[in-house]
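Enquirer: Quick note, the sequences are listed as chains A and B, same order.
For what it's worth, the working numbering labels the leading residue of the first sequence as 1058, then goes sequentially.
For what it's worth, the working numbering labels the leading residue of the second sequence as 1058, then goes sequentially.
Heads up, a few of these hints could be off.
Restricting the straight-line Cα-Cα distance to at most 25 Å, the calculated cross-link-like pairs of lysine-lysine (PhoX-like) are [what the hints assert, rightly or not]:
{"#": "1", "chain 1": "B", "residue 1": "K1368", "chain 2": "B", "residue 2": "K1070"}
{"#": "2", "chain 1": "B", "residue 1": "K1368", "chain 2": "A", "residue 2": "K1244"}
{"#": "3", "chain 1": "B", "residue 1": "K1230", "chain 2": "A", "residue 2": "K1230"}
In silico negatives: residues of chain B with every beta carbon more than 10 Å from chain A [stated by the list, open to error]:
{"#": "4", "residue": "F1110"}
{"#": "5", "residue": "R1115"}
{"#": "6", "residue": "D1169"}
{"#": "7", "residue": "M1176"}
{"#": "8", "residue": "A1187"}
{"#": "9", "residue": "A1304"}
{"#": "10", "residue": "A1318"}
{"#": "11", "residue": "D1358"}
Just a few of them, taken from the derived set where beta-carbon distance is under 8 Å, the chain A residues facing chain B [as the list claims (entries may be wrong)]:
{"#": "12", "residue": "P1319"}
{"#": "13", "residue": "T1320"}
{"#": "14", "residue": "E1340"}
{"#": "15", "residue": "F1361"}
Source of the hints: derived by calculation from the structure; they are not laboratory data.
For glycine and all other residues, C-beta sits at the position ideal for the given N, C-alpha and C.
One-letter residues, chain by chain:
There are 2 protein chains.
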Amino acid sequence: MSTLRTPRPAGYKHPFLEAALGRAPERPPVWIMRQAGRYLPDYRRVRKSFPSFLEFCRTPDAVAEVTVQPVDQIGVDAAILFSDILVLLPPMGLNLEFVEGEGPVVHNPARDAATIAAMPGGKDGDDINAELAYVFEGIRRTQQNLQGYVPLIGFAGGPFTVASYMVEGGSSKELARLKALMFSDAKTYHLLLTKLSNLTAAYLIEQARSGANALTLMDSWAGYLSPADYRAFVLPHTKSVVDRVKAACPGVPVIHYANGAPTLLNDFVSLGVNVVGLDWRVELPDAFKAHPAQVFQGNLDPTFLFSTPEKITERVKQMKQVVGSRPHVWNLGHGILPQTPVENARAFVDAVHGAL
Amino acid sequence: MSTLRTPRPAGYKHPFLEAALGRAPERPPVWIMRQAGRYLPDYRRVRKSFPSFLEFCRTPDAVAEVTVQPVDQIGVDAAILFSDILVLLPPMGLNLEFVEGEGPVVHNPARDAATIAAMPGGKDGDDINAELAYVFEGIRRTQQNLQGYVPLIGFAGGPFTVASYMVEGGSSKELARLKALMFSDAKTYHLLLTKLSNLTAAYLIEQARSGANALTLMDSWAGYLSPADYRAFVLPHTKSVVDRVKAACPGVPVIHYANGAPTLLNDFVSLGVNVVGLDWRVELPDAFKAHPAQVFQGNLDPTFLFSTPEKITERVKQMKQVVGSRPHVWNLGHGILPQTPVENARAFVDAVHGAL
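This is chain A alone, in the form it adopts within the complex:
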């Protein structure tokens, strides 16, 4: 069930890049968050050959292999580099482990002022890119595989979301420790976020220089905050990343994504990114009406892919009526779930590409 990668003609305008840059694409482009992932049997096969998730992430050839899998097997219009938002943590001195069935665990979380003060990232220009060389090599090898067939998206976590894992020590239902730090010791909190912003900007810029054609900032947990707190504690840091990346990489579209944050929509638009990712809690007509000039990405509920190809096709058709002729980057509203049937992911992509 793999797509034949016919070479693109010279001067081909990739629908994903066209839409991301606000121009009318020749067909609606679609990619899927976590498209290189556990729902694909071929991904699981490669994953199994590594003793740990981090070692997998650190092996450029394996990264290049799984990054391209969904392009061939699902037919998406962009590849997204297989990696993790937490690869910054080890170079920052944190002992990160991905524990089977539990997720990321940080064995020495950063919770006090002294630990945070001692971390790298204090100066703008300070970076940890030498220790992340495997990521940039993964980008180069993926581009050798892709040969211009589809664009490659690089990514990093938003400073707030990455900080949550550093402070909580792993995934968290409430972000209670991070928010306790924020509300009780704002100075230390802002120091951590400033360092993360510096490192993240340098990291994303180097991804673009290594060949990434677009960049996504995944601030998945921004929706845990009230709008006022988001504006005081997160927006300035995210904006500083976006501004530096856009200044250093003109022409490389930047996508911002957050989950469960519909009341922050105006704030995300104010970041000045090319594409604002939406989860399924936002109604597309509302977002389109409020921000006529903003390109959006999304936003089918990932659990809808547990229904049937027929129902998926029907729902995409309804969404297409809403999108109309707007440039739009089709995607799910959050990452694809591991239990998703591959044929249903393919039905989603085909429905986006299909006629109304």
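Chain A is already provided as a structure; the job is to place chain B on it using the hints.
Expert: Then chain B, alone, in the frame of chain A:
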């Protein structure tokens, strides 16, 4: 540190009930979701004397004791019955256990049409109240303790939220199984929700008849759905509960609460409840402006109670400027977290009661 419960004068107008019914209270009323809970040392002491959480819930004297603790120790203006939204599950044939450190586990989740068809609740009027007699007895004993000092709130889970535990088998990050059922077998899904609506309406009505002065419907996970899916799959069931409760219990205010659902605000208002609970993701001025006649409840971020009494007082003062003279039920935007310092919970209550 306990409040002296001075008897109320005859005809005393309880601020909580006044505000909930849309009238101007003599002072701003406040209660806290999960106020009878793990952050209180006296609660933990009582909890320890029971081998299981369910046995604790099933012991009316213990329920009455911990329900009143926050009234005396924190100074809230309403008590909420200590119980759990999942007490309906055992009478429905599900083997429910609260596992230490893990939360609720359903050992025989209800996932297929035959299991769901065999459950009670099929007819309007069908109820499981005989098996929930301990809840009603807990209400009567609590009222004996309170002697009219503050009103007592009864509660149940929203049918969608309760269904999530029944289908998922416990807490869930994605509600993937419930939503898979919803999107792939709508008939079975609606049968389950209809049964839960019938049982929940009968259960809440019996709570009011046993002496509850107000009722809360906690549909905590409604925010997992897109607005269109909420309207198709949840709203009619919730509305049927609200309509029956309001018809059977005139004068008993009904509160609806959901977490992480700011885009469903208009829908919650359309339920016709007396009070719509807000989490902290909603900006109060926006809610007030959109719905001038609706009483709201909330909405301080529970993690803000990890700051200091001074900062809490300051933030409540800012919120009071926004609330102005509107009838408003003060609360957190979600349940109080177990790690919360008791003195900070008290600072919140005092700040609400204090002068601007």
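Enquirer: B:M1176: least C-beta distance to chain A exceeds 10 Å?
Expert: holds (23 Å)
Enquirer: If you draw a straight line from the CA of B:K1230 to the CA of A:K1230, is it 25 Å or shorter?
Expert: holds (9 Å)
Enquirer: With a cut-off of 8 Å, does the beta carbon of A:T1320 approach a beta carbon of chain B closely enough for the hint to hold?
Expert: holds (5 Å)
Enquirer: Is B:A1318 truly not at the interface, in the sense that its beta carbon sits beyond 10 Å from all beta carbons of chain A?
Expert: violated (8 Å)
Enquirer: Going by Cβ atoms only, is A:P1319 closer than 8 Å to chain B?
Expert: holds (5 Å)
Enquirer: Quick one: work out the minimum CB distance from B:F1110 to chain A and report holds if it exceeds 10 Å, violated otherwise.
Expert: holds (18 Å)
Enquirer: For B:D1358, is the shortest CB-to-CB distance to chain A above 10 Å, so the non-interface label stands?
Expert: Non-interface label on B:D1358 violated, nearest chain A Cβ at 6 Å vs cutoff 10 Å.
Enquirer: Are all beta-carbon distances from B:R1115 to chain A longer than 10 Å?
Expert: Consistent with the label, B:R1115 stays out of reach of chain A, its closest Cβ about 27 Å off (over 10 Å).
Enquirer: May I ask you to check that B:D1169 keeps its beta-carbon over 10 Å from the closest beta-carbon of chain A?
Expert: Since the minimum Cβ distance to chain A is about 15 Å, B:D1169 lies beyond 10 Å and the statement holds.
Enquirer: Hold the hint about A:E1340 up to the distance rule: shortest CB distance to chain B must be less than 8 Å.
Expert: Cβ of A:E1340 sits 5 Å from chain B, so the hint holds.
Enquirer: So B:A1187 supposedly isn't at the interface. Is its beta-carbon more than 10 Å from every beta-carbon in chain A?
Expert: Since the minimum Cβ distance to chain A is about 35 Å, B:A1187 lies beyond 10 Å and the statement holds.
Enquirer: Minimum Cβ distance from A:F1361 to chain B below 8 Å?
Expert: OK, holds: A:F1361 within 8 Å of chain B, min 5 Å.
Checked against the numbered hints given earlier, the structure breaks hints 1, 10 and 11 and satisfies all the rest.
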